[in-house]
Every structure is written in structure tokens, then in C-alpha cells.
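Trainee: If you want the building blocks of each chain, they are given just below.
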Amino acid sequence: MSGPRSSVSSADMSVLTEPTASAVARPERRRQRRRAALQGWAFVAPLVIGIAVFQAYPLLVSLWASFHSWDGFTTPTWIGLDNFTAMPADELLVNSVKITLLFTLGSIPLTVVLALLLAVLCNRGGRISSSFFRTAYFTPYVTSIVAISLVFTQFFAPEGVINQVLGLVGIDGPEWLADSTFALVAVIVVAVWQGVGYPMVILLSGLQAIPKELYEAADVDGASPPARFLRITLPLLTPQLFFVLITQFILSFQIFGVVFVMTSGGPGNATSVFIYYVFQNAFSFGQLGYASAMAWAMFLFIVALTVIQLRLQKKWVFYA
Amino acid sequence: MTVLEKQTALPAAPGAEQGRGYRRRARRLSGWSFVRVLFMLALVVVFATPLLWMINSSLRTEAAIAADPLGLAGPRLELDNYAVAGEAVAPFFLNSVKLAVLNVVGVLLIGALAGYAFARMQFPGKGVLFAVVLATAIVPGIVYLIPQYALFQQLGWIDTHLPLWVPRVLTPVFATFLLRQAFLGLPRELEDAARIDGAGTLQIFFRVMIPQVKPALAAVGIFTFIESWNDLFGPLIFLNSTSLQTLPVALALFRGEFFTTVSTLMAASTLTVAPVLVVYLFAQRYIVEGITSSGVKG
Chain A
1 MSGPRSSVSS ADMSVLTEPT ASAVARPERR RQRRRAALQG WAFVAPLVIG IAVFQAYPLL
61 VSLWASFHSW DGFTTPTWIG LDNFTAMPAD ELLVNSVKIT LLFTLGSIPL TVVLALLLAV
121 LCNRGGRISS SFFRTAYFTP YVTSIVAISL VFTQFFAPEG VINQVLGLVG IDGPEWLADS
181 TFALVAVIVV AVWQGVGYPM VILLSGLQAI PKELYEAADV DGASPPARFL RITLPLLTPQ
241 LFFVLITQFI LSFQIFGVVF VMTSGGPGNA TSVFIYYVFQ NAFSFGQLGY ASAMAWAMFL
301 FIVALTVIQL RLQKKWVFYA
Chain B
1001 MTVLEKQTAL PAAPGAEQGR GYRRRARRLS GWSFVRVLFM LALVVVFATP LLWMINSSLR
1061 TEAAIAADPL GLAGPRLELD NYAVAGEAVA PFFLNSVKLA VLNVVGVLLI GALAGYAFAR
1121 MQFPGKGVLF AVVLATAIVP GIVYLIPQYA LFQQLGWIDT HLPLWVPRVL TPVFATFLLR
1181 QAFLGLPREL EDAARIDGAG TLQIFFRVMI PQVKPALAAV GIFTFIESWN DLFGPLIFLN
1241 STSLQTLPVA LALFRGEFFT TVSTLMAAST LTVAPVLVVY LFAQRYIVEG ITSSGVKG
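Chains as they are written, first to last, in the working numbering: chain A, 1 to 320; chain B, 1001 to 1298.
Be careful, since some hints might not be right.
Looking from chain B toward chain A, a few residues come up when the C-beta cut is under 8 Å (computed) [to be verified]:
no., residue
1, L1113
2, M1121
3, V1278
Within a straight-line C-alpha distance of at most 25 Å, the following computed SDA-like cross-link-like pairs (lysine to any residue) qualify [to be verified]:
no., chain 1, residue 1, chain 2, residue 2
4, B, K1214, B, T1260
5, B, K1126, A, Y57
6, B, K1098, B, S1293
7, B, K1126, A, V53
8, B, K1126, A, A45
9, B, K1214, B, Y1286
10, A, K212, B, S1293
11, B, K1214, A, R127
12, A, K314, A, F242
13, B, K1126, A, A42
To be clear, the hints were calculated from the coordinates, so they are not data collected in a lab. Here a beta-carbon is modelled for each residue, glycine too, at the ideal position from N, C-alpha and C.
Construct the complete structure from the given sequences, taking the supplied hints into account.
Mentor: Pasting the structure below:
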């Protein structure tokens, strides 16, 4: 900002000394600035058009649709807040919210703790071994959730790999995907297995940024390994942990792929998570208005939760 | 390298007493690191098993899988499974490749233009626009999908490949963010020198700036490839014709129809995962750098 302002003042000074030169210079400068602005807008134009057409406009249509009864073919009819007031009485919806919360409660602590463990392990040891392990742990993250879910469908079969291994240690495994309790456990296992790589890399980058001198100083003071972890590592890692928590909440509310391929929401409705139910309403039951209302409700919930987390961060996140 | 390992690497500690103490501690520690490496290898097994099992089963007969689900006997090189799966999968594979190429090229171009503008150009509304771009990341995909379906219906795009690349190419949020970071890190002298030589803005962008951010471009390209390849919602919702379907979604939708045995299903799954795995293993460095710089600054 100081650049253009100082050049304006020098132009003003030149008015006093050299009036003819400034009369040429000022429009020239304005012309240049206008050209720069036009170029800038030209560079971002495709992005602006894309966001307007494919995100902003659909967002508004979705809001509009949430106040209508709409099957996607006939003319939508205005029904005010009916879509929203119908939600608490919709048992399948309440069930899907409950299951999504259970999934979140199961998957987030597991993911974060496992990611932290993997990151700490990868952070020690030489560069080559560390990059080997990191590559291995991250691999599931890039693989197609469809292929992975098909493999795990075989793993969780009654006579499948999981129960065979459990049988080796004398445990009689459940009928995972056919069991209304264990089906959700299976979904959590697959989601954690696939998703842990991303938070691990984020946490690892945080660990690598912690100055080694701090640990050397702690060593001199005779700090025990647990004390070093609790007093140095964890506090300095809170910015990354905060980022991981926010992204994991947003992701886990939107769990869909594993459920779609592995359980189709079953058995019964035991794994019918929120997005799966919205998806069914929109594209199987032809309830586009109601589905839009549910999608917007979730959007607002995520915004609220993120705002709360941003507020709470002052209490525990430590920015060095 | 940990502090203690560094200390053991010192040839001789200053005092003999002290040196012996260090050495004893180092020996205990290397015992520890042995346990640690074993533990880490065990975790590698946990993370690799499903993929290894998939590949192993794709190379066995159906009877062998039924008799020995764990597959500890190893593969039998039953390549017939791949003949069956390959024939069924080929058209979907080509659809996925086509869409991946369109998405990678498009996202790189549009994302680099926008990223450069946000990093280096002055234009009114820049700050607000960048905030809007970042804010779109928080909107759940499902909110867009329903009205997008209606929009594409009006445009006559349903059951074509257009909804699977045009929106993605024109909304490269992650690419814009990452490439803006990369351009911000370059010295201004580069552009100034080129400008003095009489280069125009487009020339500077393509000839001078783009070659400087190759690692970031690689990261964006790989991420876009993976995202495009693994996309589930898009093909599921916007396509009806079997012949247009992408590989992963075809695998999910037609598994019972095309692949009646576990072995052929696993061969098809392997073919679905293989392109991404190959790209990942060759370019995983860029992926890690990409994630790291998109995350939080420490």
C-alpha cells in the first residue's frame, strides 16, 4: 500500500515544479493502474465465473428449494418452513443424525490419537526410514474408497479375514456387516484406516517445525520422555491439532462412500448416516426440497461448530 | 535424527566418565528404537494388508480363496481373472482417464492464473474475492449437488461428461490457494527483470513464473488426478448410461453384474486402484509438500 501512496505524493510535488510533465504523467499512471486491474480481473475471471455459476448460484437455489416441496420434475410449491419443522418428527432423519454423531464420536478420537502416534513415530529415526513409513501409512488415503470398501466387505464377511484372525486368538467374531451394532464399528474401522494419513502428515509437519534446541534444553534439565512430550511436544503441536480437529469434524459429518458401498445403510437402518439419508431423499425418493433443507441444516450446523471451535481455540491453542 | 542419536554419533565425549554414561544410555536407547521399528513395521502390515490381500486374491482361484481366506499360501498367478476383469473394466477405465486428463490440465491452468493474480496483481475486490474462495471450502458438497443436478438438467448436461469436469476445472479452490502460496514465495526481481526486457504480462506468467513453481504444480496435478479418479458423487448422480460411467463408480454399481466371483472383483479393484497407486508412489514427495503447505503455518 505504501508504494502507490508515495508515488502519488511525488506526483503531487512534481505539480509544483513541473506542471507540464505531471499533466502527462497522471493520466498515464491512472491508465496503467486501470490496465493492471483489468489484467487481474482477466486472470481470475474463469474462477469467478465458476464460483458464481457452480457454487454461489446453486447455494441460493438450494436455500430457495428448502422452502419448497419439489420433486425435480413438476413446479415447486412454496411451503414455508414445513421442510424444517418436519425434521424432528422424521424418525429416519433423527436416526441418521444419531448414527452420524456415533460415527463422529468413534472415528475422531481414534483418528486423531492414531495420527498423533504415527506422526511421533515417523518423526524419530532417519530421513529414509521416516519417509518409508510415512509413505506406507499414507497410502490408503489415495486409494479409491469403492475398491477399499469392496475389500473390507470381504474382510468383514462371517468367515472373512477379520474373523479368521480373531479365531486364531480364540475370539468368536460377530457377523460384522449383518449385525446392527458391529456394522457401524466396521464402517468406523474402514474410515479411520483410510483417513488417518492426512492428519498424520499435518501433525508430522508440525513436529518437524519444533526447534530441536528445546529438547536439548529439556535433556539438560533431566526431563523424562513423558514430560518432554506433555510440556514441549503437545503444546507446540496445538495449532496443527486444532486444524486437524476442524477438518475431521467437517469430514466425518459427511461420511458417505464406505456406507454406500459396504452396507447401503443397513442392516435395517443401522448405518444410514446423514448424507446417505439426504442422498436417498434427493435421488431415490424425489424429495429435492426436503433434501435441500436437510443439506442447509447441516451446512449451518458445520458453520456454527466451526465458529465455536474458533472461539475455543484461544483457550488451548498455543501460537509460538 | 533425535538428539540422543546425534550424541552417540560423537566419536569421543569430553570426559571419560560422562562418555561411558552416554554410551550406556545410547545402548538402552537403541534397544528401544529396535522395539519402535518393529512396532512401526507391524503397523505397516496393518495398513498394507487390505491392499496386499486384494492383489493376492486377484491372482488366485475362487476355490483357493474359499478354502483359505487369509491367502497365506500366496498368489498362484491366475491371470485369467485379469482377462475377465480387464475386458469388463476397459471402457470405464478410458472414461476415467479422459476425465482425469481434462481435470488436471484445466485445474492447473485456471488455478495458476488465479493463484498468480492473488499473489502478484493489484485489482479492486481482490481481498474479498480471496476470502470468498477460501470460504467455499467449508460448504458441504451435498448442498451444491442437489441444485447442480437441476442446473445441469436445464443445460442438457445430465448423462454427459461435462458435469464431471467443467465445474471442477472452474472452481480450483485448493489449486488457487496452493499456487498463490508458491507465487508469493518468488522474488519480485524475476518479474521486474522480465518487464525491463519488454515482456508482457502473459509472457511473464507463462515463460518466467510458471517454470518457477513446478513442485506446487506437481502437487496440484497429483491431487487433482486422485480427486478426479476417485470421485464418487459426481458420476453417481450425473450419469445414467453405463457406457459413460467412470471406473470406481462402475465397480460400485455393477459389481454383481460383471464380477460374479471374488477373484475377478478383486482384479477389477486392483485395476481401479493401480493408476493412483503408481502416481502416488512416484510422486509422494509432492503430495506431502502440498498438504503441508496447505495446512497451518507452524
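Trainee: Could you run down the list of hints and mark each one as holding or not?
Mentor: Verification of the supplied hints:
{"no.": "1", "hint": "L1113", "in the structure": "holds, 5 Å"}
{"no.": "2", "hint": "M1121", "in the structure": "holds, 4 Å"}
{"no.": "3", "hint": "V1278", "in the structure": "violated, 11 Å"}
{"no.": "4", "hint": "B/K1214 - B/T1260", "in the structure": "violated, 45 Å"}
{"no.": "5", "hint": "B/K1126 - A/Y57", "in the structure": "holds, 20 Å"}
{"no.": "6", "hint": "B/K1098 - B/S1293", "in the structure": "violated, 29 Å"}
{"no.": "7", "hint": "B/K1126 - A/V53", "in the structure": "holds, 19 Å"}
{"no.": "8", "hint": "B/K1126 - A/A45", "in the structure": "holds, 12 Å"}
{"no.": "9", "hint": "B/K1214 - B/Y1286", "in the structure": "holds, 10 Å"}
{"no.": "10", "hint": "A/K212 - B/S1293", "in the structure": "holds, 21 Å"}
{"no.": "11", "hint": "B/K1214 - A/R127", "in the structure": "holds, 23 Å"}
{"no.": "12", "hint": "A/K314 - A/F242", "in the structure": "holds, 11 Å"}
{"no.": "13", "hint": "B/K1126 - A/A42", "in the structure": "holds, 12 Å"}
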